[in-house]
Structure formats: structure tokens, C-alpha cells
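When we follow the working numbering, the leftmost residue of the sequence shown carries the number 1401, and every step to the right adds one.
Treat the hints as calculated values from the structure; they're not laboratory data.
Be a bit skeptical, because a hint or two may be false.
As the list claims (entries may be wrong) - No farther apart than 25 Å at their CA atoms in a straight line, the calculated lysine-lysine pairs in the DSS-like style are these: (1) Lys-1668 to Lys-1693; (2) Lys-1713 to Lys-1693; (3) Lys-1531 to Lys-1572.
Unchecked claim - Quick list of simulated restraints, FRET-style, between CB atoms: (4) Gly-1582 to Asp-1495: 31 to 39 Å; (5) Leu-1551 to Gly-1599: 29 to 37 Å; (6) Asp-1615 to Tyr-1688: 42 to 50 Å; (7) Val-1632 to Leu-1524: 29 to 37 Å; (8) Tyr-1688 to Ala-1580: 31 to 39 Å; (9) Gly-1496 to Val-1527: 22 to 30 Å; (10) Pro-1528 to Gly-1679: 35 to 43 Å; (11) Gly-1640 to Ser-1446: 31 to 39 Å; (12) Thr-1571 to Met-1707: 42 to 50 Å; (13) Gly-1582 to Gly-1658: 22 to 30 Å; (14) Arg-1616 to Arg-1530: 14 to 22 Å; (15) Leu-1524 to Arg-1616: 23 to 31 Å; (16) Glu-1438 to Met-1707: 19 to 27 Å; (17) Asn-1705 to Ala-1659: 19 to 27 Å.
Note that beta-carbon positions come from the ideal geometry of N, C-alpha and C, so glycine has one too.
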Amino acid sequence: MSQTVKKKPKTKASAKRPPAPDDDDEDVIRLVRLDDREVVVGGFASLDLVAWSDPVGVLACSVLHRTGVLELGAGTPVVRPLVEEWTQACGRARDGRWAMLHGLMKKTRPIRVYSASIDRDAALDLVPTRKAEFAAIGFVGARVVAIPGYLGTHRRSLYPRAQQPFLQEGTKLVPAPGLAPGDEGDAPQLTSVITCADGRDVLVWGGRMFELVLDRFTRTHGFDLQTTHSNVGLTAVTAGSTGFFTISDGRLVEILPGASKPRSILPKETFLSVRPGPGATMVLVASYASAQKSALWAYDPVTDNAMPVGSPKGVHPTPVFYAASRGALAMFATADSGTAGQVIVLTPSGR
1401 MSQTVKKKPK TKASAKRPPA PDDDDEDVIR LVRLDDREVV VGGFASLDLV AWSDPVGVLA
1461 CSVLHRTGVL ELGAGTPVVR PLVEEWTQAC GRARDGRWAM LHGLMKKTRP IRVYSASIDR
1521 DAALDLVPTR KAEFAAIGFV GARVVAIPGY LGTHRRSLYP RAQQPFLQEG TKLVPAPGLA
1581 PGDEGDAPQL TSVITCADGR DVLVWGGRMF ELVLDRFTRT HGFDLQTTHS NVGLTAVTAG
1641 STGFFTISDG RLVEILPGAS KPRSILPKET FLSVRPGPGA TMVLVASYAS AQKSALWAYD
1701 PVTDNAMPVG SPKGVHPTPV FYAASRGALA MFATADSGTA GQVIVLTPSG R
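All chains, full assembly: derive it from the sequences and hints.
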């Protein structure tokens, strides 16, 4: 007589976080070599600097699907692996927390919040209440906001329906109040959150600017930031105690609260990006005719003067960032120079 065997009911598998890289793995983001001029990070040569908040940066590789943390303080630099995922975007809260948009091939990518020390074992995952695709992430006050936008060459297709920003509520991400699909501007690459010195957090969505007022997002300016075909994304530097500097239509502009139009700076020059530099200055990466004069420029908003900045041969100044603890500008070499990884060149600059 045959005996019937009852099958166990199937249980839904719980979502698992991607494993943390093994520190002994040859492919992890690790420190290979350092000296006064170079930091060599292995074991690949397709590294992106996703975010920089002195003295910490987030490094990612879209080929190996790895993310690591670069700590470039006054002591010995440290590069430590974070997750076996590519990271597209990061945001930093005023209290030091980090938000990161991980993943490359997955349909739903993890949106993860880390402590100021970026402890991978104590991170919080945020779950959207419905399927959505995001390109940028940041903080508005103490809450995470995730924004759709330009997905880059690594994620080519959008979901068929229009998207909108989502705002954190507890451990969930819900559609941001006051914003609906179609409210964005025409520059999807210009999408992020800009933290201003006066306490405002400006959400930029496709070049259009919004602020959270009485728990609803409201458009703050009657104009949009503009992109160019050579744009490298939204970069900005806080200006004094109110507005911020950014790149719009290839020009350096200042955006002040309530302004009816951007204030043009250096109107005869064109740029790709602007980031904080030594002291009150800014570091600009030039384009077109301006790049023929110098790839890098330093602008002082106090004196309203810009000066070319020399950069070593064989380096790529996009991105470029200022490491105050090293008194140096940091940028990537164009080739791995025969090393087992990516070379980050440190160029001395005034503090």
C-alpha cells in the first residue's frame, strides 16, 4: 500500500539584504597603496565617487557591483567595503546620517539609511508603498526623500507610468504630498536635494525647485534650472547664509530665496560642475572654450574673482573634491597606471 506524503506549505521567503563583501576578497573596494600624492583603491578601475562629505566619501563600481567607504582624514586613509551593490545616489542629513540608493539590476532597489559612521550592520531599509523607480535621494529635515530622474546608462528603462517623489513616514516611503507626476522640470539630470545654511532643504526635481511648507511641497521659484548635453548632474555649493551656487545651462549661477531669475556669475565662461573648495572658495570643472584655458577653476564669491587651477597630466577632474584634512584637491587618474586598482590623485591646494 502506497503512503501519501503531505507536502509542506510554501512560505514566502523574507527579503534578504545583499551580503557584506568579504574583506579578503580580491575584488572588494580596498586600500592598495597610499603616499603624499596618491591613494590607490583596488581591485578594479571603474570607480565612481558617488558622494563626498569631508572627510568621508562613498565609492561605487557598476561593473563589480560594489560600494565602499573612503575615509580620508588626517591619519592613515581607510577604504572599507560596505555592500555588494552598486550605489547610484547618496544624501546626507544635518544630523550626519546617510541615505543611499543601492542596486543596479534589481527591479526594486534598496533605499537604506545609515548612521553618521556608516555602520552597515545597523542600517534601516525604507520600503516604498508602491513600485517606483528613483534616481536621487536626500533628506528634507530629518526625513528621507527619494526622487525620480535621470537613471544613467546603467538603468535604461523607466516604468511605463509617470513617477513622483516619495517621502519617508516611519519605515515607509509614501508619495510626497504636494507633488504629482508631471510636476517636474525638463532637466531630469538636475535632480537632488540641496541643503542650505539657513535651514532650508531645496528639493530639485528635473531642474524645478520645491520646499516642504506645512508638510506639503511647494514650488519656490518661477524658473527652472537648465541642463546641457554635457551635463554631469546637479552639483551645488551653499552661498553665505541663504542661497546656493549651481550650474544651469552650463553657467555658474547663484539662486537666492524669492529671486525671479538666477544671478549669472562669470557669464563668459562655461562649466560642468561646482563643489566646495578651500576656505570660502569653490572648485569649478570647466567645459568647451573655458576648458581650453584650464580644466579647473577656483572662484571666490567674496571677491567675485575666478582663477585657473593647475591639475596634473593624466587625471580626470570629474569628479573633483576638496579634502580639507589633506589640504588637497582629489581627482581620478584616467588610467590605472599599471596598478591593481584606481588611482585617486591628491593635488596640494591652499587650505
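Quick rundown of the hints versus the structure:
1. Lys-1668 to Lys-1693: 12 Å, holds
2. Lys-1713 to Lys-1693: 15 Å, holds
3. Lys-1531 to Lys-1572: Holds, because 12 Å separates the two Cα atoms, which is no more than 25 Å.
4. Gly-1582 to Asp-1495: 31 to 39 Å: 33 Å, holds
5. Leu-1551 to Gly-1599: 29 to 37 Å: At roughly 31 Å between Cβ atoms, Gly-1599 and Leu-1551 fall inside 29 to 37 Å, so the hint holds.
6. Asp-1615 to Tyr-1688: 42 to 50 Å: 43 Å, holds
7. Val-1632 to Leu-1524: 29 to 37 Å: Holds: the Cβ-Cβ distance is about 30 Å, inside 29 to 37 Å.
8. Tyr-1688 to Ala-1580: 31 to 39 Å: 37 Å, holds
9. Gly-1496 to Val-1527: 22 to 30 Å: 23 Å, holds
10. Pro-1528 to Gly-1679: 35 to 43 Å: 41 Å, holds
11. Gly-1640 to Ser-1446: 31 to 39 Å: 38 Å, holds
12. Thr-1571 to Met-1707: 42 to 50 Å: Holds, since Thr-1571 and Met-1707 (Cβ atoms, about 48 Å apart) stay within the stated range.
13. Gly-1582 to Gly-1658: 22 to 30 Å: 25 Å, holds
14. Arg-1616 to Arg-1530: 14 to 22 Å: Holds: the Cβ-Cβ distance is about 20 Å, inside 14 to 22 Å.
15. Leu-1524 to Arg-1616: 23 to 31 Å: Holds, since Leu-1524 and Arg-1616 (Cβ atoms, about 25 Å apart) stay within the stated range.
16. Glu-1438 to Met-1707: 19 to 27 Å: For Glu-1438 and Met-1707 the Cβ distance comes to about 25 Å; the hint holds.
17. Asn-1705 to Ala-1659: 19 to 27 Å: Distance hint for Asn-1705, Ala-1659 holds at roughly 23 Å.
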